[in-house]
Amino acid sequence: MKLWNVAGMAVGLVLVLVLTLAVFGLPVGPSLALIGEGAFGDKFAIARTLVKATPLVLTGLGMVVAWKGGMYNIGGEGQYIIGAMFAATVVKGVLPNPHPLFGPLILVAAVVGGAGYGLLAGWLYVARGVEVVISTILLNFVAVQLLRYAVTGPLQEAKRQVPESDLVPKALALAKFDRQMDLHIGTFIALAMVVVVWLFLFYTRAGYRIRLVGDNRNVARANFIPAGRVQLLSMAVSGGLCGLAGGIDYLGPAGQLGFNFPQDWGFLGIPIALLAGLNPAGVVPAALYFGALFAGSDNLARYTTAGPTMIFVIQAVAVLGFVGLSTLRLRRKTAAAGAD
Amino acid sequence: MDPIELLRYAAPVAIAALGETVVQRAGLIHISLEGTMLTGAFFAMWVVALTGSVGLGLGAALLIGAAMAIVFGWFTIWRAADQVVVGTALNLLAIGLTGTLFRSQFGQSGKLLSVGKLPTFWGGLDLVLVLLLVGVPVIGFLLAKSSWGLALRSAGEYPKATEAAGYSVLRLRTGAMLVGGMLGGLAGAYLTVGITGSFADNCTAGRGFVAIAMVTFGRWRPWGVLLAALFIGAADSLQFRFQASGVQVPYPLIMAMPYVLTLLVLVVVGKGKRFAGGAPAALGQAFRRGE
Amino acid sequence: MTAEAGLHVENVTKRYGALVALDAIDATFFPGEIHAVLGENGAGKSTLMGILTGFVTPDSGSVTYNGAPIPVGRAFECKKIGIEMIHQHFTLVSAFTVAENLALARLPSLYSLAHVRDRAKPSLAAAERLGWAVDPEARIRDLSVGALQRIEILKALGGDARVLVFDEPTAVLSPDEVDDLFRVLRQLRDEGRIIVLIAHKLSEVMAVADRVTVLRKGKWIATSPLAETNQTQLATWMVGELPVGHVARSSGGGQPGIVAKGLSVKGDRGEDSVRNVSFEIRRGEIVGFGGVDGNGQVELAEALLSIRARTGDITFAGVPVSPDHLRIAYIPQDRQTDGLAMGMSIEDNLLVTGHRNLSLRRGPLLIAKRVHAWARGLVERFGIKASSPEEMVSSLSGGNQQKVVVSRALESQPDLLIVLNPTRGLDIKATEYVHEKMIEARNGGAAIALFTTDLDELYALADRVLFLSRGELREEGGAAALVGASR
Amino acid sequence: SAGNETAKTPEGEKPSTTQEFKVALITPGKVNDSGWNALAYDGLQAIKSDMSATVDNQEAAGPKAQEAMRAYAQKGYNLVFGHGYEYNEPGAEIAADFPDTVFVSSSGGKTAKNAGAFRFYLEQGFYLAGVMAAKMSKTGKIGSVAVIDVPSIASTIKAYEAGAKAANPKIVIIPPVFFGNEGDIAGAKKATESVLAQGADFIIHQANSAAQGVFDACKERGANAFGSNSDQNENPSGAVVASATIIAKPAFLALAKQVQEKKYEGAVSLFGMEQDAIDFVINPTFTAKVPPELVKELEQMKADIKSGKLVVPKAEF
Ligand SMILES: Nc1ncnc2c1ncn2[C@@H]1O[C@H](COP(=O)(O)OP(=O)(O)OP(=O)(O)O)[C@@H](O)[C@H]1O
Ligand SMILES: Nc1ncnc2c1ncn2[C@@H]1O[C@H](COP(=O)(O)OP(=O)(O)OP(=O)(O)O)[C@@H](O)[C@H]1O
Ligand SMILES: [Mg+2]
Ligand SMILES: [Mg+2]
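Protein chains in written order, with our numbering: chain A, 36 to 375; chain B, 1421 to 1711; chain C, 7 to 493; chain D, 2 to 318.
Pulled out of the complex, with its shape left as it was, chain A reads as follows:
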């Protein structure tokens, strides 16, 4: 994307936001101020924006990998939940001896959980021909119920009173830089994953094959590249990234699992990936945009009567505005191409 296009898009999105606020009768100036303040007002606000962007970076990356491989994974939410559950299982296991060195192991478990759940959808497609879109919708529902079961059953806190897991012991929680701030090192893990995924997609054989199969399965077939296996891999990597997001949210901001653990970050990976143009590097600004939007609109909801539902409207319009603007651009492009 050219810088000029990015600028145009940004202006367009702000206009869309202003319009939405106006339509719902919110004072545009003060509302924008509240949103801006909530997203960037002070170091706390910036930290919140970053923390919200963290799972979005990871689920966005997850969607990029799957979609690049031609797999329409919309099961990020389920993979996120299962990842967190795997992490919580390990935490429960090492609870008697919560040594900080277990931290990486817990995150690996989250990756494995998410990857396994992604693979399940991949297998359903490759081996049984079940559309990924349909199977992942169903698997998302199943994951939510599994979570509910887990926190009232095997993963429930020690006293077995409330439907939650135990609070993650401090030693295992993701390190923070300032006790008063939300920022934790998970954000940097996510940023590192951007680099890793970027290297994976563009500098490894496996990543190359994922891109190739996603672009044209026939070429892969004619050159002895096992497309099914490659697509399974893309689902596993995708699920693993979403699982990692779940693990980080569990060890970081949430600190425990409960009914309300899933916050739609898995679903939101989809628009992030789209906004990023299916480019891992683009995921960072896209996730920051949404992170800031969420931190800002949370602030709006906190300090006005706009209410939590208003946030959904703002988010939805932000996505639709983006899709609308990008299809407009596409149309101009194809019109130009058709002219010759």
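Note that these hints are calculated values from the structure, not bench results. Here the structure is a predicted model, which is why all the values come from computation and not from measurement. Be careful, since some hints might not be right.
Simulated crosslink set (SDA-like; lysine to any residue; CA at most 25 Å straight-line) [to be verified]:
{"id": "1", "chain 1": "D", "residue 1": "LYS111", "chain 2": "A", "residue 2": "GLU192"}
{"id": "2", "chain 1": "B", "residue 1": "LYS1565", "chain 2": "C", "residue 2": "THR97"}
{"id": "3", "chain 1": "D", "residue 1": "LYS263", "chain 2": "A", "residue 2": "ARG214"}
Fit chains B, C and D with the ligands to the known structure of chain A by using the hints.
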């Protein structure tokens, strides 16, 4: 359970899934069906609360359902935008829109609403249920035998053949979306003015997604889809029965049952196109002319 | 303008970019005759037929039917005035029944309450008239290709078309099915319709046509009553003078290479595409497979690649072919569907073979620097006209796209090279270069199977020439064999 | 200390005086649910009007919960209510980082210098509902419907069952049915019908915003329902015979006053009928049908509860 009661509780999913059958047969997946149902549910309730007329409420639901479908269709059919992305966004929009309006109209701290309901006759049937029972064979017949159904199905199977035969894939799909949207709105309305006479945030509770899955479960046939919806409804009733008779199974696992069952059916049916029909070949694929 | 009955084409020209697909063509098609249109691949036959039936808009020239101009470029309206085309590629919905497909083709009015059965009736009646047994409830995907061809034809007959254009209807039929089709064509002709037939096989043309028109490279060459010509004459019109003489023959008798015995292969629709063929290609040898498209080339090539199921044996150097000890490279027939990932860059498309290249990777990693250098090298050596290897392959011209496919295959130093029409769309210099490279590969010990429809290429490169005709192999060469004249 | 030094006042807000008292409420669900969350919202509004405090509220659960708590503390809020057990442990932990903010959760047992919990003794109301149901049931069967099986809900239902058993040992209690989804009115209705199908003619609910489904089912089947959390006696269904209510205002005000006067010390406090925070109200339009002895008996029990003579069972959580 009394069969009419079973039908009544299965109806929201069944009606939405019936519409979704038409939509998927034309090659689209209406991911925002959940949101369409929710707006239908809210607007039906709102209009009934304002006017006292259930008929007007149902009409409002049809209109808003159609409007949501048009938005979805404009992006996905005419702009060839991704169905999942647009659908996800519209679901968010629906939650936000209904929630915001609900608060602004009925108070910040909420209120248990009770509005007029659809009158029943013949031991519990009502207009919408009759419509559903008539709609299944009618839509089944139209899809299978009529000119419209034939053209529509070809758009879901092989859009190029549709265009070669002289129909516009884009228009056919838009028409299918209208049917799917109106039925989605009606399905939502039936929750609020048919079953409960009330509305709450998110009262569709995932039924739209279930309806999408039921279309696959019912193998893209109206009768199959109705049976699938009844099956899930019955499984749900059974689940409550279990609880009320003290059977000790963790209820989240019971609640996952419908989805797991659907997945199992899909695994068994798998790629077998021959087994009671398969997915429309062009399902979920945007059609761009001249490609 | 003549008010004569019939379809008149006057001075029609059609360009695709720089390519002149049809160059000032005149032709007349009369009622009550079967008029065959002949020409090599790419001669412009389908384009001309598309113009007659409204699917293609000409750049200039006119088409009149019974004295009145046809609705040019509007296939749908052409259908209304009785001009129908039976497409080379079927437009049948495979999940539908026969009746549904027949009904779909009848003029649309969505709101008419007409039942599928009613709309299929005229076509089914036509089937009965022709003596074809058709089960309206059968599913398309369960039918044989021959049956599909019949359905494709019946679709057109349901509307009582007066002009029927058949684009290569026999390409996929068995001899018996061809005979049956010809019986029907004659019957339709005798009912006073205009029948236009595109066929590659001269024997077929001789059997059924009343008149022939020959095109070559977009130009009109000849029109003649069938009685006043013969196969040799037609073949010469089609392909021009036959090239003679060979270049750079292999020394012959290299090490044993591929040996195929009793190979049979099915096509995508389950038809027998390749029937019981046996041949050998030694290392250091190019075996050319001549013949017209659609006679089993793609299927045979894919069977040799082991990416298509087959019966029969293939061994290389005496052991069954297995990818593990054999390097195979492939230049597919259709670069856009099987050769290139159009959403990726030139470099990425070169990497299709290059990502296996040990010098470009370390374990699972691709070494970017080396990949760039390697890609740049290929782009330069093969003269791929692009600003850089990072450029999207979709922005290249067809010829340069072809060079991408060819260069990466040749570069991978294969033991077995399977090539379909490698120079389609290349200019003379590039063609020469590709030919040179193939000979280099041969001299380097590769066994090469060259499938080509281009006679010049066939004779220039092949050490031995075989001909594929309806999935069977023939040894005899010459123009007649090339166009499938012999039975 | 750190929390207040770094916190800034948001722009666009009225200039804050040093005395400004700021109270925030964080709810796990929507405050328009006519139940658990709604009552807390009403409590918060009471603090606003009676103490002219600056109040704000936000819905935040799961990973957002701690963030929301911190966000208010960073802004120098004096008191942050977390309306649910899930805010208790995190609250106690965050409290250490924000010594000038008091974190109070509804239920839960962890405390710190500036963190604690309070809990409504709604079991008392449910107990009386159980007594009334057992005494009046014609079928001899009573039941309950709830959204999810969480301890706060389970405990109230246990108390309802205990009341019923105490009043009539032979009463048959249909196990509670959970319908799983907060807003799912139709699900609540269907769940209720499954209980009614077992023969119950009195039903109590913990259905929050889906309660209308419970009432509707009872009305259609001629059964009786109890309202819960708030006074739902006037529900248009006409099926509500009495309500077990929480009066949030006194509890919220009491806590807020303690905090304002800097007297708050981390504790777990219980608000019941003794504090006028819980009540059991018979629907006036229904009184005629209730035997006068029963009305009297219920009044006596209320008095006994207040005096401590009758202790209603409750679970710890
Ligand atoms: N849509 C198009 N865009 C660009 N070039 C085209 C297009 N259609 C045809 N051509 C070119 O026009 C020329 C004539 O094509 P045409 O399809 O008429 O050949 P044909 O005689 O039918 O060949 P075949 O025997 O292979 O079917 C070819 O070079 C072809 O590549
Ligand atoms: N040029 C080729 N010709 C024939 N067979 C090939 C060629 N390249 C690869 N194959 C075969 O195709 C299969 C898949 O190739 P691939 O490159 O994935 O092998 P690999 O190096 O073992 O990779 P992986 O690590 O994925 O197993 C292997 O069986 C390989 O032997
Ligand atoms: Mg052609
Ligand atoms: Mg291998």
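- [ ] Could you check the structure against the hints above and give me the numbers of any it violates, in ascending order?
- [x] none
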